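From first to last, the protein sequence lines are chains Z and R. Sequential numbering from 50 applies to the first sequence in our numbering. Sequential numbering from 50 applies to the second sequence in our numbering.
Hints were generated in silico from the structure; no laboratory data involved. What you are looking at is a predicted structure, and each value in this text was computed from that prediction instead of being measured. Some clues are possibly wrong.
Any copy will do: because identical chains look the same in the list, a pair fits if it lies in one copy or spans two.
Straight line, CA to CA, 20 Å or less: simulated DMTMM-like cross-link-like pairs of lysine to aspartate or glutamate [stated by the list, open to error]: (1) Lys60 - Glu123; (2) Lys171 - Glu144; (3) Lys130 - Glu155; (4) Lys210 - Glu178; (5) Lys182 - Asp82; (6) Lys210 - Glu88; (7) Lys130 - Glu67; (8) Lys119 - Glu88; (9) Lys130 - Glu56; (10) Lys158 - Asp133; (11) Lys71 - Asp126; (12) Lys60 - Asp179; (13) Lys171 - Asp133; (14) Lys182 - Glu166; (15) Lys182 - Glu56; (16) Lys119 - Asp179; (17) Lys171 - Glu56; (18) Lys137 - Glu183; (19) Lys60 - Glu166; (20) Lys137 - Asp179; (21) Lys130 - Asp109; (22) Lys210 - Glu183; (23) Lys79 - Glu183; (24) Lys60 - Glu183.
Here are the chains, one letter per residue:
Number of protein chains: 2
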Amino acid sequence: MNTQQTELIVKMNLSAWESQNKRFSELIEKLSDAQLLSETAPGRNTGVYLLGHIAAVNDDMLRLLGLRDKFFPEYTDIFIKSPDKSGKTFPSVAELKAAYNTVTNELNKHFNAFTTEQWLSKHTAVSEEDFAKEPMRNKLNVMISRTIHLANHMGQLAYLKN
Amino acid sequence: MNTQQTELIVKMNLSAWESQNKRFSELIEKLSDAQLLSETAPGRNTGVYLLGHIAAVNDDMLRLLGLRDKFFPEYTDIFIKSPDKSGKTFPSVAELKAAYNTVTNELNKHFNAFTTEQWLSKHTAVSEEDFAKEPMRNKLNVMISRTIHLANHMGQLAYLKN
């Protein structure tokens, strides 16, 4: 019963992650390149920056969860460490969409195979010692916080729709 | 061990809910009334509408989770069934902030006392029959989806900051 409960809750969280990514994927496919190159509100982040930012954050999860090296390590500087309009050259919209799909499909492949024990094991940015005291610093919690982070930016990206 | 795992994951989800609500609460306190009365982007929802919307949605959770009747049933029509700029009269910013605090404190009082069994029990909008087939339609999942919904609007409300 408790094992079933645990698996049910993990599944609920995974479902929320998948649902937000599906909505994101549908939105970026629906928006034109011209829309994505616009600011989401006057003086705020452009769609293309947010697209690169989400691709970079998802790519970084592969590293943080100990799954593999980043596919696009150069994105970290452009889309995480730097704000929009930093003067750095962005990849094209098509490249960023493809990158988002690559990293997210790779994450989902692993997520769908994770056992509960794997979900609740530590991520790579916490020491064994700290993890023993703070068991919430696990892989599942990374996914939960990244789902919320994605939803936060989705609300902004939605402003590019007519 | 499995009971501990289940409790840990519930705690992680509750922590995400509390964290988003804390950020929301801090943001609405930081924004001036003039800022809240502005549009979050040209032609988009005003801050005061989003504040009322979140207060109404949290109030509705009390009903959906079977905890009590809504404190502000009149908000449903103004802030959930109607879009912004519907011509309906809004309560003042001060009233909406107080309403948000009332409903959210009431929710949190219950959430902090819920057992795992209560979290995983059905919400009031699903029949016993459907719930037997779809056990994900439980109270915890309502909180997870409302956390994501709140994050979505928080991204928009953040555009009111200077």
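So, going through the hints one by one against the coordinates:
| no. | hint | result |
| --- | --- | --- |
| 1 | Lys60 - Glu123 | neither (32 Å within a copy, 35 Å between copies) |
| 2 | Lys171 - Glu144 | neither (32 Å within a copy, 44 Å between copies) |
| 3 | Lys130 - Glu155 | neither (23 Å within a copy, 39 Å between copies) |
| 4 | Lys210 - Glu178 | neither (47 Å within a copy, 39 Å between copies) |
| 5 | Lys182 - Asp82 | neither (47 Å within a copy, 43 Å between copies) |
| 6 | Lys210 - Glu88 | both (12 Å within a copy, 16 Å between copies) |
| 7 | Lys130 - Glu67 | neither (26 Å within a copy, 27 Å between copies) |
| 8 | Lys119 - Glu88 | neither (28 Å within a copy, 39 Å between copies) |
| 9 | Lys130 - Glu56 | neither (36 Å within a copy, 35 Å between copies) |
| 10 | Lys158 - Asp133 | neither (30 Å within a copy, 41 Å between copies) |
| 11 | Lys71 - Asp126 | neither (26 Å within a copy, 30 Å between copies) |
| 12 | Lys60 - Asp179 | between (27 Å within a copy, 18 Å between copies) |
| 13 | Lys171 - Asp133 | neither (32 Å within a copy, 44 Å between copies) |
| 14 | Lys182 - Glu166 | within (17 Å within a copy, 26 Å between copies) |
| 15 | Lys182 - Glu56 | between (24 Å within a copy, 16 Å between copies) |
| 16 | Lys119 - Asp179 | neither (25 Å within a copy, 42 Å between copies) |
| 17 | Lys171 - Glu56 | both (18 Å within a copy, 17 Å between copies) |
| 18 | Lys137 - Glu183 | neither (38 Å within a copy, 48 Å between copies) |
| 19 | Lys60 - Glu166 | both (14 Å within a copy, 17 Å between copies) |
| 20 | Lys137 - Asp179 | neither (37 Å within a copy, 53 Å between copies) |
| 21 | Lys130 - Asp109 | within (12 Å within a copy, 39 Å between copies) |
| 22 | Lys210 - Glu183 | neither (41 Å within a copy, 33 Å between copies) |
| 23 | Lys79 - Glu183 | neither (41 Å within a copy, 31 Å between copies) |
| 24 | Lys60 - Glu183 | between (23 Å within a copy, 12 Å between copies) |
In this structure, the hints that do not hold are numbers 1, 2, 3, 4, 5, 7, 8, 9, 10, 11, 13, 16, 18, 20, 22 and 23, in rising order.
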